[in-house]
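Chemist: Take the sequences, apply the hints, and build the full model.
Chains as they are written, first to last, in my numbering: chain S, 8 to 279; chain V, 1145 to 1415; chain W, 13 to 171.
There are no misleading hints in this set.
Where chain S lies over chain V, by a calculated footprint (3+ residues, C-beta under 8 Å):
{"hint": "1", "stretch": "1237-1244"}
{"hint": "2", "stretch": "1251-1260"}
Residues of chain W placed beyond 10 Å of chain S at every Cβ, according to the derived structure:
{"hint": "3", "residue": "50"}
{"hint": "4", "residue": "142"}
{"hint": "5", "residue": "144"}
Chain V is faced by these chain S residues, among others (derived, beta-carbon under 8 Å):
{"hint": "6", "residue": "141"}
{"hint": "7", "residue": "143"}
{"hint": "8", "residue": "146"}
{"hint": "9", "residue": "148"}
{"hint": "10", "residue": "149"}
{"hint": "11", "residue": "150"}
{"hint": "12", "residue": "151"}
{"hint": "13", "residue": "152"}
Derived by calculation from the structure, the hints in this document are not laboratory data.
All C-beta atoms, glycine included, are put in the ideal place defined by N, C-alpha and C.
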Amino acid sequence: MAERALFVATRQLLERLGAAVTARIWRLGFASRFFLYMILHSGVAFRRFWLTVREIYFAGVLSLIIILVSGLFVGMVLGLQGYDTLQRYGSSEALGILVALSLVRELGPVVAGLLFASRAGSAITAEIGLMKATEQIAAMEMMAVDPVARVVAPRFWAGVISMPLLAAMFSAMGIFGGYLVGVQLIGVDEGAFWSQMQASVDFREDIMNGVIKSVVFGVAVTWIAVFEGYDAAPTAEGVSGATTRTVVTSSLAILALDFILTALMFTGGNAR
Amino acid sequence: MASPDVVAIENLSFGYEPTRPVLHGVNLRIGRGKVVGIMGQSGCGKTTLLRIIAGALRPSAGAARVLGEVVNQLDSAGIFALRRKMGMLFQFGALFTDMTAYENVAFQMREHTDLPPDLIHDLALLKLEAVGLRGAAHLMPSELSGGMARRVALARAIALDPQLILYDEPFTGLDPISLGAIARLIRRLNDSLGATSVVVSHDVQECFDIVDYVYMVSAGRVVAEGTPQELRRSGEPFVHQFVHGEPDGPIPFHYPAPGYAADLDVGAAHG
Amino acid sequence: MKRSTIDLWVGAFVAAAFGALLFLALKVGNLAAFSTAQTYVVQAKFANIGGLKVRAPIKSAGVVVGRVTEVRFDNESYEAIVTFNIEGRYQFPRDTSAKVLTSGLLGEQYVGLEAGGDGVMLKSGDRLRLTQSAVVLENLISQFLYNKAAEGKEEKAGK
Chain S
8 MAERALFVAT RQLLERLGAA VTARIWRLGF ASRFFLYMIL HSGVAFRRFW LTVREIYFAG
68 VLSLIIILVS GLFVGMVLGL QGYDTLQRYG SSEALGILVA LSLVRELGPV VAGLLFASRA
128 GSAITAEIGL MKATEQIAAM EMMAVDPVAR VVAPRFWAGV ISMPLLAAMF SAMGIFGGYL
188 VGVQLIGVDE GAFWSQMQAS VDFREDIMNG VIKSVVFGVA VTWIAVFEGY DAAPTAEGVS
248 GATTRTVVTS SLAILALDFI LTALMFTGGN AR
Chain V
1145 MASPDVVAIE NLSFGYEPTR PVLHGVNLRI GRGKVVGIMG QSGCGKTTLL RIIAGALRPS
1205 AGAARVLGEV VNQLDSAGIF ALRRKMGMLF QFGALFTDMT AYENVAFQMR EHTDLPPDLI
1265 HDLALLKLEA VGLRGAAHLM PSELSGGMAR RVALARAIAL DPQLILYDEP FTGLDPISLG
1325 AIARLIRRLN DSLGATSVVV SHDVQECFDI VDYVYMVSAG RVVAEGTPQE LRRSGEPFVH
1385 QFVHGEPDGP IPFHYPAPGY AADLDVGAAH G
Chain W
13 MKRSTIDLWV GAFVAAAFGA LLFLALKVGN LAAFSTAQTY VVQAKFANIG GLKVRAPIKS
73 AGVVVGRVTE VRFDNESYEA IVTFNIEGRY QFPRDTSAKV LTSGLLGEQY VGLEAGGDGV
133 MLKSGDRLRL TQSAVVLENL ISQFLYNKAA EGKEEKAGK
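Modeler: See the structure below:
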């Protein structure tokens, strides 16, 4: 008797699991078609570039404070922690290399991406979700204006453009923070700090790869943000759930993509 | 003799899910220049009907002819072209919250026409003047009262002088003064534009004052139709209950429940 | 927000971002180094290049004078062929020797050029005749052990 109950419970669990996975895959397919549609209808976002510029203000410029302050603090912490470890091996002059490479290759794109997802991504989702809930999207469709072209695409391209810019500023700010702590505060030799950094940070290998990463993150985060907003249920719970999903899914996507991109770019160097 | 119908719904059926149909074999006709009301309880399918006329939903059976086109057979380009000739007022206005009242009204002109900015300026102010809100042109939707927002949305709906205007519950949540204003505007704009209007509502008082003909919908079917006077005099139970606002009748007061005594006894046993 | 204010802020934003990118490229990275210099191509064969990678520096007297551009395996001589670019303003004699050296003790490998005495200079496409392969750590250790073992035997024989 107990065996029967266990069997039924297990089967139900598996059924629910299967349904959940199928639902997610279906949603991913829907999101992909949405992505393609948005790309194909992006003409307006560029012909009337003012629409995109306006969104760059809301997504990029308004994220600037949090990006710069966070970058500064991350750089300063890198300086402190890096010095603490390096000076044990007598390599404290490599602090510049440590700070610069950590930021440019990884922390710049990733942390800036996570911050962008929580600040700008959630704002975009909430905005589009609310427009849907208050029938503004339906009204636009009734007026024969494609809301995906007019509302969604400019926000998407604004995110893709803003992301690498923010990541670059994050990295620059972080290096400055590392400089402040390492050279000014602790007393690492200023000349060694910069010269060793310059000798080891390669423009193409490190900086450009970091930029490529941040562009990929920008595409992923903004795509998730606009899709969740557009697909949100037109209620208060729907919009709040969508905003939460944007932040969670974007963060996971950034970290997963970071692994994939790092594996492609930074290892297997000799295999080229 | 008979003017060609602007809207003709023939034997239309629709359901959001195949197992739960919302509309069953609906037939109705709306003549040119008329203001027609579609009335019924909440959830009877009248807003769905409006969405089908606007081409936002596709019926599972039957046809919807609007302005000479069979809406359910049009592709998206065709629907977009058709919608340029239609205007729709949404339930709470649905104004674009990031634009001023003026920009809301000018939206369609900017998107669909190549008119120079000065001309658009004059035309938009003309529409706002028609609804009495030219002085509020610079205000954002959050600064407008409910009635004012509804009127701006009305000005936006008629921005391109549409031939068919659809109203989704235009009287919901308005104070008596705004109610009167909107009702009068619906009639006056319809007549001055030479357009046709469809008003979906459950506000009997205001609706009957302005419409030429009414279709009553209940549970997805047209149960009665006629002029307001005919419906007021009607002895048909549902119509009578609806028009006179009686709490009990064909639509029961009590939601279906098991016997009262049995329920109380069960309560006592558990208590 | 007025249109012009937004434009101003976005313009400032993009300008600041490009400033950051420029800072990263020039002050942090090594872009200023070799982007537009005139270079000529030279080849060298090595029995073992160790861990030499493409884009490794070519140094002479400790100064970077070029970069490795290609590393290939020659199936006939079973040696490695390394191709590199040397900056045009540095001329080296034809009998210059190339060694694969390591920066620091366990750092990355680079090619060190030692100028010879020949009057004729290298031209683009020439091959260096004198090369010395990388020191492979394992060979070094086994050599050391072998020497130590030989010394031990001598001592025993000497007793």
